[in-house]
Amino acid sequence: MEVYRGIPVYPGVVIGPALLLDTEGYLIPQRSISASEVVDEFERLKIGIRDAAIEVRSNQAIIATKVGTQYGAILGAHAQMIEDPFLLGEIESLISKKFFTAEYALSLVMRKHIKEIQSLPDARMASRATDLFDIEKQILGKLIGQRKEGLNSLSEPVVILAHDLSPSETAKLNTKLVHAFATEAGGRTSHTSILAGALEIPAVVGLGKFISEVTGGDIVIVDGNAGLLIIDPDAETLRRYQKTQTDIVSLDASLESLRDLPAITQDGVEVKLLGNIEFPHETKHCLDKGAQGIGLYRTEFLFMGKDAVPTEDEQFEAYKEVVQAMGKDRPVVIRTLDLGGDKLAAFSNLHIPEKNPFLGLRSIRLCLRNIGLFKTQLRAILRASVYGNIQLLFPMISTVLELRQAKMIVSEVKEDLFEEKVPFNKDIPIGTMIEVPSAAILSELMAKEVSFFSIGTNDLVQYTLAADRSNEDVASLYNPGDPAVLRLIEMVVKAAKHSNVALNVCGEMSGDLIYTMLFLGLGIRQLSVSPHSIPEIKQFIRMVNLKDAENVAKEAMRQQTARDVNNYLREQTRKLLPDSLMY
Amino acid sequence: MEDASHELLKRVVKIKNPNGFHMRPKAAFVEAASRFASEVKLTWEGQVFNGKSMFELMLVAAGEDSEVTLEVFGSDSHLALQELEKVLAEEDVSVLD
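Residue numbers (this note's numbering), protein chains in the order written: chain A, 273 to 855; chain B, 784 to 880.
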């Protein structure tokens, strides 16, 4: 039994067989087979080798005609190596003696040859190791292709283990069969983690190296409450976790009784709790958890994992589905496309690789450069606005001018729709995210342009502290409790109050109970969080006295380091919630 | 191609290729060697390599003017020696490898 500690990103406990993904998102096949499978494995290997050789020879012919025979000859040499009977013999002997799979035996044999070649004294000969890597890839591709082991063809429930998952891979996971995931890389606010919340499956990230210690099919436990991955648990641990699974079911039931009660403090101050969503189907989950609306609909997930930009009608249908599910009055805040950074869409024509993507052409900047794309989305949102209380939110605004440009395009789209006699809500509220320090500093001016603010804590923390939230080496700098972040938030709260614009806080910080009293004390009355955190936050708010929260906020604002802030807030939170599962 | 000699034949061959015994000459050698029934071995720097295995020959880093020993044994060894010596001594001036 091996236990790894990471960062919990979605609660719950899952026990199941492991399925490993390599760095490129391919399944890492199992390492061993049973004795009865040896003959079949031989056959698979032979077919894989034959198909790889056929492919290489056909490439050889193409290259020979295109650029010359001598170039094609290199591939001819590759084909010879692939068909080398001695290679086949070596691999077969590992399969029959050690019961390894063809894939694993192949990579062991190739590893050995590559090492030998790399140790040659002649540098040019030694560099031929790259040819061997190529050959290995060719055969492996055929072997894996035979198995059709794609994420799309799972047939039994599994736990996905990987170094990292890209947001588009995560979005494609079939949650009927993928019951949990755990990754070596990643932090609490990486987009993969956010997506885990959307998929509603227990997940732990940032576990450090563990992939080499586990084999596909091993039984593992993902503990999304404590942030643990347990490989090959012993009987006692297994029993304990089976009990935890039943406990969680009863805790959920007790929180469910809160669903229809307001989030109101002991002294009668009401807080609005809204849900963050990525996909239309999550609205149901939000309502189940008692959300009073959608505080943040991250529309970029409509664009991810797709080959083409979704059409106006496809977008319109998605937005309409959300707003109709929420009913006439509950607000649905639709944030326009926030693509870029690590959320790369498949349509590369929109995105040229950048040296510094988080400071580059992303989000609203990308939209203002691709007016057609932006207008299509705005048309879809405006068309859907007749079905309920839709509000429009711009992400990553960093200057007043940028905000004005975005608003101007909304006006243009409204004019077009008006001329086309297409109905829309002409008074649709427009808001801006405050997630770049410049926007927070200028919030007094930004307030004159919009009817609401939404503080995006994830990016605000990242940009204030200049720390990439998905880079483990600097992740410790990325801390929502940092006094610099708190001061910016306080500044925005004051500007919002002074100019009478509504204020919402979204991002992971708003769902973290240790900051709830601070937010209340600073004067924040609306939070938008992952739907699964709503019941807990509501339960907590119902225990708090606003007067106490104000004192807590004052004291927190006096602290000088993130660590002091967090320790103080954690201690204050614990006083009210001594038995919480969260700590 | 049967010559029924069954003799172990040995010959030292000098590599004339300016790029040494590189990938393409090796491929040509393996292809030729595989056409014969005889065992084919190459000795270079005291190590013996199977002449029908591209993988083994990958480890032969024989440069221009270096010498390898060609050894053939089997029913068609005479023919094989003749043919393989030719392939080995071939001058391939292409810079590609």
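Hints listed in this document are in silico derivations from the structure and should not be mistaken for laboratory results. Among the hints, a few may not be true.
Said to hold, decoys possible - Here are the computed lysine to aspartate or glutamate pairs in the EDC-like style, where the Cα-Cα straight-line distance is at most 20 Å:
id	chain 1	residue 1	chain 2	residue 2
1	B	K824	A	E408
2	B	K797	A	D394
3	B	K824	A	E362
4	B	K799	A	D836
5	A	K387	B	E828
6	A	K647	A	D740
7	A	K318	A	D394
Stated by the list, open to error - Distance ranges between label pairs, derived from CB positions:
id	chain 1	residue 1	chain 2	residue 2	range
8	A	M273	B	E822	26 to 32 Å
9	B	L791	A	K409	26 to 32 Å
10	A	K409	B	V831	15 to 21 Å
11	B	T852	A	G340	49 to 55 Å
12	A	G632	B	G846	33 to 39 Å
13	B	E822	A	E309	31 to 37 Å
Remember, predicted model here, so these are calculated numbers, not experimental data. Note that CB positions come from ideal geometry on N, CA and C, so glycine has one too.
Hint check results:
1. B:K824 <-> A:E408: violated (26 Å)
2. B:K797 <-> A:D394: The given pair, whose Cα atoms are some 18 Å apart, holds under the 20 Å limit.
3. B:K824 <-> A:E362: Roughly 19 Å separates the two Cα atoms, so the pair holds.
4. B:K799 <-> A:D836: violated (75 Å)
5. A:K387 <-> B:E828: Holds, because 19 Å separates the two Cα atoms, which is no more than 20 Å.
6. A:K647 <-> A:D740: With a Cα-Cα distance of about 31 Å, the restraint between A:K647 and A:D740 is violated, given a limit of 20 Å.
7. A:K318 <-> A:D394: violated (33 Å)
8. A:M273 <-> B:E822: 26 to 32 Å: violated (52 Å)
9. B:L791 <-> A:K409: 26 to 32 Å: violated (40 Å)
10. A:K409 <-> B:V831: 15 to 21 Å: violated (30 Å)
11. B:T852 <-> A:G340: 49 to 55 Å: violated (33 Å)
12. A:G632 <-> B:G846: 33 to 39 Å: violated (49 Å)
13. B:E822 <-> A:E309: 31 to 37 Å: At roughly 34 Å between Cβ atoms, A:E309 and B:E822 fall inside 31 to 37 Å, so the hint holds.
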